[in-house]
Amino acid sequence: MAKRRSNHTSVIEPDMTPMIDIVFQLLTFFMVVINFENTKADERVKLPKDLLAKPPEVKPAEELVLNVGFDRDFAGRKLSDEPIVFYAGDKFTINNFGPLLEQEKRLAEAKGGKGTIDETTVILRADSEVPTGKVQELIRKCQEIGYTKFSLKAISEEN
Amino acid sequence: MGSKRRPDSGGKVEIPMAPMIDIVFQLLIFFMLQLKIMAPEGNFDINMPLGQSSQQSSDAPLVPDIKVKLISDANGNLAQLKFGERNLGVGDGAFEALGAEVLKIIGTPGNPATKDIEVEIDADYELHYEYVIKAVSHCTGKIDPQTKQLVRYVEKIKFAPPRLPKNS
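Residue numbers (the working numbering), protein chains in the order written: chain A, 80 to 238; chain B, 3 to 170.
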């Protein structure tokens, strides 16, 4: 055995090909599965579940996603009973959200022209524990700005 | 020149793979960190122009609009589900009964004569939003157990104007 070792001085190279194959397959999997469009959804919002909630076949041309939920700790416990609108990295109470909706309307009209908000669907992602009255207040605020189309989101539940 | 550079010994030229593997691993880690496992989300469309939520049109419709009332307890849980003036109770059974009542009114699912029927959801201020979604869902339709397809009842859903909270 000792004799054999002394005679062979070349470095033993492991075959890397299978590992590279697997890594490329994993990379392809994650690239295909990843969905950058879901970034507007806020993870703090625990949506209600429903059997009939099916993903829409046609995506609305213009949409405004509003996440309404609660400040929660890591265990999911509510830190406050006041519902909060999570929007653009900030937190607003529903009463304070009016000026931002006005701003959104101005931006939408500057981008798409007058009447853009008639075609805009407000997608409401409300936490299952939010009081209905608060959701209605938010809908009312949107109506006052001029939004008329609303879509209530729920998690698709398999039967 | 060319003949000099070529190795005479016949040894193979090795391409350095380490930088490529580094990049691939970095890409892999990036995509793994970006990935969020999210359940598919569905939606219920409602059309609510301002001022039409509680107004009745002057022309009497062929079939009266459906009023669903959801009464909550102090904790925001459902205490009573009412279809018109009838009490349907609480729990999943009440929502099943709501679906059955809506079906009774529209006759057959997808009936074109009932396209203009509207369901008005009148919920208490404190009621948890999940019950409203349940009510909207059971008025919208059901999943046929045989075909697993959606059987649509009523397409138009609206909300009654919000009331003030009970404890205010």
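Read the hints as simulated data drawn from the structure, not as lab findings. All values derive from a computational prediction rather than experimental measurement. The reader is advised that the hints may include incorrect statements.
[Unchecked claim] Per the computed footprint, the stretches of chain B lying under chain A, defined by three or more beta-carbons under 8 Å from a beta-carbon of chain A, are:
#1 39 to 51
#2 83 to 94
#3 116 to 122
[To be verified] Once the Cα atoms are required to be at most 20 Å apart in a straight line, the calculated EDC-like pairs of lysine to aspartate or glutamate come out as:
#4 A/K138 <-> A/D150
#5 A/K138 <-> B/E43
#6 A/K125 <-> B/D24
#7 B/K106 <-> B/E128
#8 B/K160 <-> B/E103
#9 A/K138 <-> B/D47
Note that CB positions come from ideal geometry on N, CA and C, so glycine has one too.
Are the Cα positions of B/K160 and B/E103 separated by 20 Å at most? With a Cα-Cα distance of about 18 Å, the restraint between B/K160 and B/E103 holds, given a limit of 20 Å.
Holds or violated: B/K106 with B/E128, Cα cutoff 20 Å? Outside the cut-off at roughly 30 Å; violated.
According to a criterion of three or more residues whose C-beta lies within less than 8 Å of a C-beta of chain A, is the region 116 to 122 of chain B covered? It is violated: at least three residues are needed, and the region 116 to 122 of chain B offers just 0 whose Cβ sits closer than 8 Å to chain A.
Can you confirm whether the C-alpha distance between A/K125 and B/D24 stays at or below 20 Å? Violated, because 38 Å separates the two Cα atoms, which is more than 20 Å.
Coverage criterion applied to the region 83 to 94 of chain B (partner chain A; beta-carbon cut 8 Å; 3 residues): Answer violated; 0 residues pass the 8 Å Cβ test.
Count the residues of the region 39 to 51 of chain B with a beta-carbon closer than 8 Å to any beta-carbon of chain A: does the count reach three? Satisfied; 12 residues make the cut.
Do the alpha carbons of A/K138 and B/E43 lie within 20 Å of each other, as the hint requires? The given pair, whose Cα atoms are some 13 Å apart, holds under the 20 Å limit.
Is the Cα-Cα distance between A/K138 and B/D47 20 Å or less? Satisfied, since the Cα-Cα distance of roughly 12 Å is no more than 20 Å.
Between A/K138 and A/D150, is the straight-line Cα distance small enough, at 20 Å or below? violated, 29 Å
When each numbered hint is compared with the structure, violations occur for hints 2, 3, 4, 6, 7.
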